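Q: Build the full structure now, drawing on both the sequences and the hints.
Top to bottom, those sequences are chains A and B.
Under full-length UniProt numbering, think of the first position of the first sequence as 1, with each following residue one higher.
Under full-length UniProt numbering, think of the first position of the second sequence as 1, with each following residue one higher.
There may be inaccurate statements among the hints.
[Unchecked claim] The calculated EDC-like cross-link candidates involving lysine to aspartate or glutamate, where the alpha carbons are at most 16 Å apart (straight line), are: (1) 102(A) <-> 16(B); (2) 16(A) <-> 286(B); (3) 26(A) <-> 283(B); (4) 16(A) <-> 283(B); (5) 7(A) <-> 16(B).
Just so you know, these hints were derived from the structure itself, not from any lab.
Since the model is a prediction, treat every value here as computed from it, not as a measurement.
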Amino acid sequence: MDNVILKAENISKYYKLGVIGTRSFKEDLQGFWKKAFRISGNEKINPNNTNNSSNELWALKDISFEIMQGDVVGFVGKNGAGKSTLLKILSRITLPTTGTIKGMGRIASLLEVGTGFHAELTGRENIFLNGQILGMHKKEILLKFDEIVAFSGIERFLDTPVKRYSSGMYVRLAFAIAAHLDPEILIIDEVLAVGDSDFQKKCLGKMKQVSAEEGKTVLFVSHNSQALKNLCNKAIHLEKGRLIDIGSTQDIITNYLKNEQDQPLKKVYNDPDEAPGNSNIRIKKLEVIPKYVDNSKIIDIRTPLTIQFEFWYLPSENIDLGVSMSLNTVMGDCIFDVDSIAQPFQKGLVKGQCTIPGNLLNNGSYTISLIFIRNTSSAIFELEECLSFDVEDFRENTAWYGDWPGAIRPKFKVLLEQENL
Amino acid sequence: MDTEEKEDIKLNWQWEISPAKSWFKMGLIDLYAYRGLILRFVRRDLIASYQQTIIGPIWIFLQPLFTTLIYLIVFGNFAKVSTDDTPKILFYMSGTIIWTFFFDNISGTMYTFITNAHIFNKVYFPRLVVPVSNIITQSVRLSIQLVLFIIIFLYYYIFFDKFQLSISLFLIPFLILLTATFALGSGLLIAVFTARYRDIDTFFQYILRLGMFITPVVFPSTIVPQKYQFLFWLNPLTPIIETFRSVFFHQNAIQYNYLLIATAEAIFLLILGLILFKRREVEVMDII
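A: In structure tokens form, the structure reads like this:
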């Protein structure tokens with residue numbers, strides 16, 4: 001299927017910032033006056049001649065792309081990159097300032113589950129209400145009604161107002177309706193962030209089925225890079241409103257994560273006087289050295305990491321020096337704390353290192369803290385959160401993309417064996 | 001790819017999103033495609049408004065009945081405002097149900113964007129679906145109230161031999177349509193402006209409250225001084241309510257010339273409202 005089903009050309013979106021009030025009314029009047037009497041020529045808003053006024057924002061600049069029928073396209077980018085704005089334009093909720101999008105077939109968007117649910121109405125009524133808001137016809141809903149109810153698993157509560165539902169039930173019903181939409185193009189924004197893990201799995205399975213078996217086109221924004229990798233065959237990387245790259249999901253996600261991980265993995269201080277430390281210790285170098293797996297340049301859960309540090313040792317008395325290193329999550333939970341053997345050192349440079357093996361850390365953001373200890377009893381210098389790095393997820397042969405539980409993620413073998421009867 | 005092929009593909013596009021807007025689109029064809037959704041909204045509003053009540057839809061009867069009774073006591077008995085020799089209950093009721101129909105239509109329409117922002121921000125459908133479904137909901141209520149009115153009317157007709165029925169009864173559906181047209185047109189215009197500046201909404205709430213006193217709801221238009229008569233009749237609701245009363249009570253002759261002016265006013269407002277609403281319906285979402 002090599003048909004272009006959707007084509008976006010030079011899409012830009014301009015927002016005027018600031019409060020709407022007396023002042024904006026004055027500006028409106030001035031604008032109207034100018035327009036009415038053509039005082040100054042055509043001042044067209046144009047993304048290319050921005051005067052970078054703090055009062056305006058180009059949420060999208062000159063985005064063009066084509067999407068083939070049957071493509072499952074993932075949109076990646078940081079918060080504020082313009083992903084949501086683009087989805088809003090594609091869903092016709094807001095207009096582009098410049099550019100056009102042309103397409104074929106019915107388009108349905110799921111920027112939220114349960115849009116238009118009425119709390120006072122029963123589950124049954126809401127299935128019809130929400131379904132029709134999302135663009136289904138009544139006949140279609142009648143045809144799929146039993147399927148929707150079965151998928152949601154709320155049979156018993158079908159005639160209860162949804163305001164009495166638990167939030168889980170509410171979301172399940174809402175997604176069940178959405179999952180039975182049957183458009184040629186489906187737009188989905190982060191809906192995977194809802195529901196319990198079982199239900200997420202069901203939803204992703206359904207999405208895969210829709211795209212693979214029914215040849216539907218899906219446009220999909222998610223922060224879950226695993227889900228994107230497994231579901232999408234194409235990805236678009238947005239940054240600050242511009243389209244950075246478009247291509248195969250694997251490449252785009254790899255590049256995107258590399259970009260995300262661009263925090264310095266190395267800190268070097270050449271001047272001891274300016275380096276962090278005190279009269280006993282001055283730091284010279286701190287570094288995380290990853291041993292990348294399959295040339296990916298991304299730290300993921302498989303990557304062994306070597307933490308190296310160098311410091312000037314300036315003892316005022318003879319002591320046994322030990323260094324303890326702890327790894328903490330960004331939330332401040334300590335994952336582990338390891339220490340060196342305490343021993344005497346001469347004044348001068350001291351080097352240390354510790355290797356964290358691959359397949360130990362779970363995915364997440366971590367920081368390293370060092371404590372320098374005198375005679376295994378008291379700290380002479382503490383260096384907190386001196387290095388930080390992200391560990392990305394990596395999975396193979398699984399249909400489960402939810403968060404992997406656990407503080408750590410070792411690859412201990414779990415063995416199964418068939419017992420003979 | 002050669003040009004011929006390119007042209008071929010261009011012709012196949014089924015829809016297009018672009019900043020271009022036409023001055024002449026009112027979106028009425030779209031609306032027909034979304035008739036299912038319109039009826040769904042009507043159903044939602046009718047069901048939801050009487051959930052968790054004891055007497056449920058009977059309220060549709062009780063609301064105009066209570067209002068009528070209060071007017072009857074306050075204006076009829078305390079203030080002794082003339083009702084042109086019409087039975088008081090029928091006089092106040094005719095004013096009340098038409099005024100309420102107008103009021104509910106216009107206030108439902110003018111808050112279209114504000115009350116539905118959460119839906120409009122997530123899903124596209126022609127925004128006109130919402131005010132139109134509101135009009136239909138209100139029409140259902142009005143029809144039920146008219147039944148009550150006719151029952152009381154028949155009571156007077158049969159037992160007091162008061163009125164005669166005439167061919168002009170056929171004007172009633174037209175009057176209802178005219179009220180809806182006027183309310184929808186002005187409501188759409190206000191909706192477009194309230195989305196940007198909320199002052200306009202406060203201002204119109206005030207105007208609406210005053211509106212009842214420049215409309216013959218609780219008094220007949222005959223008590224308005226002669227020099228204000230022309231202005232008074234320019235309010236489209238004046239000929240609407242007066243014609244309604246003339247059709248049933250025959251106290252005054254139907255003023256067809258003013259009815260014609262009212263029709264022109266309502267149609268003008270509706271066309272202007274539809275065009276502006278269509279033009280602004282998407283842009284409004286960036287500022288609401």
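Q: It remains to establish, for every hint, whether it holds in the given structure.
A: Structure-based check of all given hints:
no.	hint	in the structure
1	102(A) <-> 16(B)	holds (4 Å)
2	16(A) <-> 286(B)	holds (9 Å)
3	26(A) <-> 283(B)	violated (19 Å)
4	16(A) <-> 283(B)	holds (12 Å)
5	7(A) <-> 16(B)	holds (9 Å)
Checked against the numbered hints above, the structure violates only hint 3.
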